[in-house]
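First to last, the sequence lines map onto chains A and B. Just so you know, our numbering puts 340 at position 41 of the first sequence, and the rest follows in order with no gaps. Just so you know, our numbering puts 496 at position 197 of the second sequence, and the rest follows in order with no gaps.
Worth flagging that the hints you see were computed from the coordinates, not collected in a lab. If you're wondering where the values come from, they're calculated on a predicted model, not measured in any experiment. Be a bit skeptical, because a hint or two may be false.
The list treats identical chains as interchangeable, and a pair is accepted whether it falls inside one copy or across any two copies.
Once the Cα atoms are required to be at most 25 Å apart in a straight line, the calculated DSS-like pairs of lysine-lysine come out as [to be verified]:
id	residue 1	residue 2
1	486	508
2	522	436
3	301	577
4	553	339
5	446	548
6	553	522
There are 2 protein chains.
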Amino acid sequence: MKRTICNSLADKLYSRGFGDRDGKCIELSWVELAYLSEKKILDYDFENVVKEASKEVSNFDILFIVYRDLRERGYVLKDKGEYFMGRKNYLMAFYPLSDLDYFDVNEFIGKQYPLILSIVDFDGEVTYYLVDMVEPKGTYFKNPQEKLNFEIYGKRAFVFSNLQDFENLTYGRNEGSWGHLSLLEIKYLAEKGVVEKSLQVGEIYEIYKDLRERGLIVKSGFKYGTHFRVYENSMEEHSKYLVHMISEKEEIQKISRAVRVAHGVRKTLLLAHNLNGKIVYFSISWIRP
Amino acid sequence: MKRTICNSLADKLYSRGFGDRDGKCIELSWVELAYLSEKKILDYDFENVVKEASKEVSNFDILFIVYRDLRERGYVLKDKGEYFMGRKNYLMAFYPLSDLDYFDVNEFIGKQYPLILSIVDFDGEVTYYLVDMVEPKGTYFKNPQEKLNFEIYGKRAFVFSNLQDFENLTYGRNEGSWGHLSLLEIKYLAEKGVVEKSLQVGEIYEIYKDLRERGLIVKSGFKYGTHFRVYENSMEEHSKYLVHMISEKEEIQKISRAVRVAHGVRKTLLLAHNLNGKIVYFSISWIRP
């Protein structure tokens with residue numbers, strides 16, 4: 300099956316984004332060949348092309364379904380192998396994945412941003428997520444000055460003197476004559492010298508701390524099913540971000556759930572990962588390209 | 300610290316749900332004692348009661364926060380140890396958990412339904428989920444009769460004859476001159492004798508099959524971040540359920556994300572688990588008690 304086109308069609312196809320130029324000829328990728336065969340622009344048997352292509356390209360099915368979907372949405376695409384460079388109103392890189400795949404932080408960390416994850420689901424439909432690497436920043440740098448005495452009972456720190464000041468400073472919950480804080484808050488306040496005992500908490504603490512150090516106010520994201528909800532300046536505004544810690548390789552399925560929640564409540568979802576001590580943040584949102 | 304009350308207060312407290320009756324006396328639980336001390340109905344030092352209670356009851360912090368929250372919402376509560384029986388407009392069992400806990404299918408399978416999970420988050424706030432065990436049923440029992448030839452390429456089955464009939468019968472996706480199906484669909488159609496080859500798919504297949512056998516139409520739930528979206532009668536209606544497979548012990552955090560999505564799109568979330576070959580379904584929804 301010849302993937303090189305040298306006749307009068309070559310120029311025309313090249314101007315529509317097909318093929319790599321080689322003198323007067325163009326060299327088509329398998330995905331392009333399949334697309335042009337399906338559309339009967341080239342006179343190959345589509346079924347045969349799919350068969351051959353699948354032998355040569357391991358994720359041909361996913362690549363082809365995404366390529367075709369974008370072409371039908373009016374994009375001019377350049378096949379870059381693992382991704383497609385697409386142009387309609389703007390130029391954007393589309394990365395095809397299956398809903399059974401993983402978002403691999405190490406793989407995505409070095410890419411050009413923003414980019415668009417293009418995910419083929421069980422039904423064969425494609426969902427598009429705009430991903431960017433961001434540096435979230437807030438303006439809230441106040442911390443309590445007064446020392447705080449607490450006792451840990453179970454999973455929470457109990458305080459029996461008035462906690463009003465701490466609650467005003469966005470830590471813990473004041474119940475009147477007593478109050479309680481999460482262990483993450485206690486750990487952070489210990490680093491700030493406000494409480495004396497320190498303690499062991501999970502790896503999520505590094506994300507909590509990084510967000511606080513960026514001037515952001517960090518509260519539970521439980522109601523949204525994410526780790527944190529985050530305020531930029533004050534708790535009198537709506538929270539701006541939902542932040543979810545991800546592992547090095549995170550199920551696309553799991554990310555999709557968080558994206559959907561954030562979309563529904565009009566907040567920005569940030570995926571946070573501790574990459575050798577530096578916290579990196581990916582913003583991710585649902586788009587229709 | 301005496302938890303038995305025999306004076307004139309005993310009757311009054313008992314009528315408000317406090318204590319176990321023992322002749323003329325009542326025996327208070329630690330949670331009740333703490334609550335009555337905090338409210339200064341009993342003359343104990345609240346801080347001391349919390350300290351003692353935490354020694355005796357491992358999850359006292361979570362139990363107490365939920366108990367107090369419900370009392371302040373106007374519930375009369377009976378302390379049953381691992382749960383509270385609450386009465387306001389209706390009688391309901393409240394099961395306290397922390398957002399760091401797990402939903403353990405084996406533990407919950409034998410309970411009286413419906414019940415209410417009462418989950419304390421990082422901020423010390425309580426979120427309530429109404430849980431019921433249900434038997435979802437639909438009315439769609441049609442299956443294709445014609446044989447279907449396919450080839451598996453990558454993660455999908457490709458079909459090169461007209462797929463129109465299959466798409467009409469809610470299987471796969473028709474792209475005109477070709478079509479594609481998921482491997483779950485192929486596996487199920489193989490069991491129905493429609494295709495000849497069978498194949499290995501993951502444990503999720505048992506859920507897919509069970510739903511189909513119940514007369515439900517099963518499509519991808521990817522856009523909602525769940526495993527399936529499910530139609531009761533036809534795809535011309537909106538899908539009624541989102542179905543998510545859970546493991547024997549599932550993180551409450553993960554469940555909370557799925558509940559939030561379902562709430563946002565007004566569908567019913569079903570958690571599905573394969574319990575020794577029988578698929579059990581829990582419906583779960585966010586409520587404000």
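Okay, the hints, checked on the actual structure:
no.	hint	verdict
1	486 / 508	within (9 Å within a copy, 48 Å between copies)
2	522 / 436	within (23 Å within a copy, 29 Å between copies)
3	301 / 577	neither (48 Å within a copy, 53 Å between copies)
4	553 / 339	neither (39 Å within a copy, 47 Å between copies)
5	446 / 548	neither (41 Å within a copy, 40 Å between copies)
6	553 / 522	both (16 Å within a copy, 11 Å between copies)
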